[in-house]
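S.K.: Now for the letters of each chain:
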Amino acid sequence: MLIDTVAKPTVKNYLNVKQGILSWLLTTDHKRIGLLYTFSITVLFFLGGFFALMMRLELLSPRNWLVSNETYNKLFTMHGIIMVWFFLIPSIPNTLGNFLVPMMIGAKDLAFPKINLASWYVFMIAACVTIYALFRGGVDTGWTFYTPFSSQFSTTYVIAAAIGIFISGFSSIMTGLNFIATIHRMRAPGLTWMRMPIFLWSTYATSVILVLATPVLAITLLMVAVERIFQVGIFDPALGGDPVLFQHMFWFYSHPAVYIMILPAFAVVSEIIPNFARKPLFGYKAVAFSSVAIAVIGFLVWGHHMFVAGTSVYSAMAFSILSYFVAVPSAIKVFNWTATIYKGSVSWETPMLYAIGFIGLFTIGGMTGLFLAALGFDVHVTDTYFVIAHFHYIMVGGSVMAFLGGFHYWWPKISGKMYPEGLGKIAALTVFLGFNLTFFPQFVLGYLGMPRRYAAYPEEFQMLHIISTAGATILGVGYILPLCYLIWSWKYGKPAGPNPWRAVGLEWTTSSPPPPHNFKETPVVYWRAYDFEAWKDRLGLVEREVEDD
Amino acid sequence: MRTALQFWPDSASTVSGEVNLFFICMLVLCGTVATGIAVFLIYSAIRYHRKRENEMGDQTRNIIPAEVTWIVTPTVLFMGIFLWGAKMYFDIERPPNDAIPMYVVAKQWMWKVQHPEGQREINELHIPVGRPVKLTMTSQDVIHSFFVPAFRTKQDVLPGRYTTEWFEATKPGKYHLFCAEYCGTKHSGMIGYVYAMAPADYQAWLTQGAPEGSLSAQGEKYFHQYGCANCHHFDNQGRCPDLRNLYMRPVQISTGQYLTADDSYLRESIYDPNAKIVYGFQANIMPNFSGQIPEDQVVALISYIKALGPSPGDQMPSSNGEVPKAYGQQPGIAGPNATSGSGSHLEQR
Amino acid sequence: MTEPTLSGTALLELREHFENPEQQRETASIGMWVFLITEVMMFGALFTGFTVYRLSNPAAFDEGSKEMTIVLGAVNTALLILSSFTMSLGTYFCSIGKTRLLSYFLILTMVIGAVFIGIKFTEYYLHWQDHKVPGFWFEYHGADARAVQMFYVFYFILTGLHVVHMTIGIGILLVMLWRNLLGSFSATYHTPVDLAGVYWSFVDIIWIFLFAIFYIPGLHLR
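Residue numbers (my numbering), protein chains in the order written: chain A, 15 to 563; chain S, 2 to 350; chain R, 445 to 666.
In short, the hints are calculated from the structure, not lab data.
Built from N, CA and C at the ideal position, the CB exists for glycine as well.
Hints should not be assumed to be uniformly reliable.
Below, a sample of chain S positions facing chain A; criterion: calculated Cβ distance under 7 Å [said to hold, decoys possible]:
#1 P10
#2 D59
#3 R62
#4 P66
#5 K187
One chain only, chain A, in its complex shape:
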């Protein structure tokens, strides 16, 4: 009691400038909205993760020993829906992106702060509708909602789930629109496009995809709902519709959506690596334009999800070759990140461990994409665990690793506190090992022919499934650990100071946590991105002494 009354000299920052629950619910500060999103998607991530854990437990045995077929089908559907639309798509853009984009461009806020807040409310409404579907008994269509199963045959709460996702689309669009307008018009004096940190390039590319692709998904799911409610033919062949048209429209969104998930991960890694190697990002222009190239070409490859769906061999060839083209920019990025580390001044702090882990896992994920894009090979492995392993390497090994790395990197800026470094390293290693143990066996399972979405399976697959489940438990621990110590450090961590990493970037020039409008006065940018030469004196850095090898 007595201690509370002792007045501490505090600087006004975005966290303490206003108090009370309403000051959060009605805030238009991009940093607070970023934290609101962080809270929401963390809850949803662990919900989705719980479903995944249940699935992994069920797959310990070749027979249904834990859950019924119905339940298993609902588990993987809800896992997919929640992880894709309520975790991965908003994960980095709406948390770190919201927090960092205005700071990185030297602005006071995003272009449309009220729309930003509205997007969080819309997101929460969408999440509530989806969770309503969950509590009413769930959905069993798979996150892909393939017709005519979803529109005519499923007896579960498809409409509620589709409407939930439909609503979440508006949230995505609002965010994307906000970022585009902000990056176009709100940059600080001197911050030209070619001086922007790669984080902004990637976020910009992500926003373009969000804005262009999301409306198509929204309208596609709306049509599924209309077909289901009114029993009229749109996609059901029994009513004159074409189920493959649904697949085209769905993947026209959902393939670019993969890039919505991974481009922000590129964004984070492209910040962490130069700053922890104290070396400018190698091939800045190539990395920047490769993000844009991915956003553009990413719209032309959706058909590679449909090589065995009954489309013509010639369209399959076109989609296959375009899929290889979209792999080139990803390869460029991997090589440039690797080259950045070479001859750097490399520290092994937690964010860097995540970033290096990311490169490894993303490389495997990307390379197995080359396997899948090969038409004749895809025929065998599509719809098997090979695909499951492939996209988890991209989305979990890629996006989630980058998400965690980014949160460790910017945690001092967000909270003003340092997280415990030792625990951070342990968690990073746990996640890396647990992840590989979970998903690498699934590549083997896939080539053996284990189909996806099977609640029970032939006995010869059991051992690999057991290994995978064992890995998943380790992975689960690896995710809970950061949750605990980050919350702990929010209160008890050491104060971080404005720039604990001696990193280059506008966000590190302001105090931690930042003041409500980020900067005392609008900064002027006269340096290129990751310009350690220009920041040398400010950061107190020295050139490395030449060593004689």
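Put chains S and R on the given structure of chain A with help from the hints.
M.R.: Using the frame of chain A, we list chains S and R on its own:
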């Protein structure tokens, strides 16, 4: 034979060897590159580990030749991979002409197979080793996918249309058959076995269990049962087109377009007769059999129509001993010289 | 770069996170155009679906189109083009400072929009009487009833979505009217009115496409 821990699948078809080879080559190539990146990454991270807290790294921003190298090299490699993948795809997708035609009707949650000799199987498929088999498949409800891992082939099975898949087993054995496209509650129960048998064993298997006669004979029965024969006369005098020598021949429809009378067209003409009326005939004559004739009986009817022509060696229907007239003389059915339509796509004249 | 002379409202309406009114105007403008791109994608998806099915059932879709009341459609098209014109006049008068005229033209535009919606619902009522409402009451005794029904499904989704956009548009114009009556707009600050005008015109253009695909193709069958 099977153990709890398996690392390599059975390989038992003419394409599985090449798929395996592709997989191994890709593993070697990607494995080498990935290992190279990993070694370089770890080497750099250790070799250039920060020694002093305030030390900067080298400040090189770009080396253009390096950048060009790792843009061009992957692109070239990727094109090579693409070509190999596309070549395999054509092998996997294009059935040989001499393939045994079999029909698959999928439904939640079983596979129903019909052999041309009349055998019916559920969740099992018996095939001879050394002969290509072509499956013409459709679904009664949702989308399924016919997947035989040991044959390295898979094809979605769609409601409302036919898709095809082929394979040629090279090794006798019992192989998994999976449904690979999620189809509802018992998706994981929609499994079965493909039995590849030595030709002699297969012949022995064929001799048993076709009480209803061959598929085309069953089709002929339905042809009369559903009253098709009342209008589709074999003398060109009926209100409906003569069906002799129709199969896989060009047909002119009322819009003036030509199409090929393949399985898909025949199926559509039974379920939705007014969709494509043969030139010179009236619409709204034939009743709509959608919901009246199940898919497996349509398969038998198509098999019957197929047996009516065009292969010269095929048996003529027992109900009609006449030799069919030439194609061009039939009203509305174009002669072979009219167009060289192939495939089921429409061609505008 | 010379700052335009600022009257009171431009500074009053400047949000605190912008440096100057010019930046605010440009940002708002880009926001609206990006939003319209999302609208194009959304309607584009529906147009694509319509096109795919029309290509496979051209005759049935023409049959469906034959049932449309072309006169009502044409009147509605004319009305919407007229409303775009009145809306543009409104923004023009606002930009030269005649805000009272802006109010009149906003009211006029809203009235035309309301008449459009009224006519649209009259058509819907006629479809109901014809038993051409898929999912509720659909009867068609022709060669390809399923495809004709498909035509109507797209007709109702697309025109329904358009009516929703029209309604939102009238709502936006009401807000503009309210703010204008409060004195927010002037010759130097009229970005919201301009953007409302852009949105209104966009909705009009969508209708012209709808008129073209739903009403025109059946004309030759009459």
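S.K.: Would you mind marking each hint as holding or not holding in the structure?
M.R.: We went through each hint and held it up to the structure:
The interface hint given for P10 of chain S is met, as the beta carbon of that residue sits about 5 Å from the closest beta carbon of chain A, less than 7 Å. For D59 of chain S, the interface hint holds, the least distance from its beta-carbon to any beta-carbon of chain A being 4 Å, beneath 7 Å. Hint status for R62 of chain S: holds, given a least beta-carbon distance of 5 Å to chain A, under 7 Å. Against a cut-off of 7 Å between C-beta atoms, the interface hint on P66 of chain S is violated, since the closest Cβ of chain A lies about 12 Å away.
Restraint check, K187 of chain S versus chain A: the minimum CB separation of about 6 Å is within 7 Å; hint holds.
Hint 4 from the list above is the single one not met by this structure.
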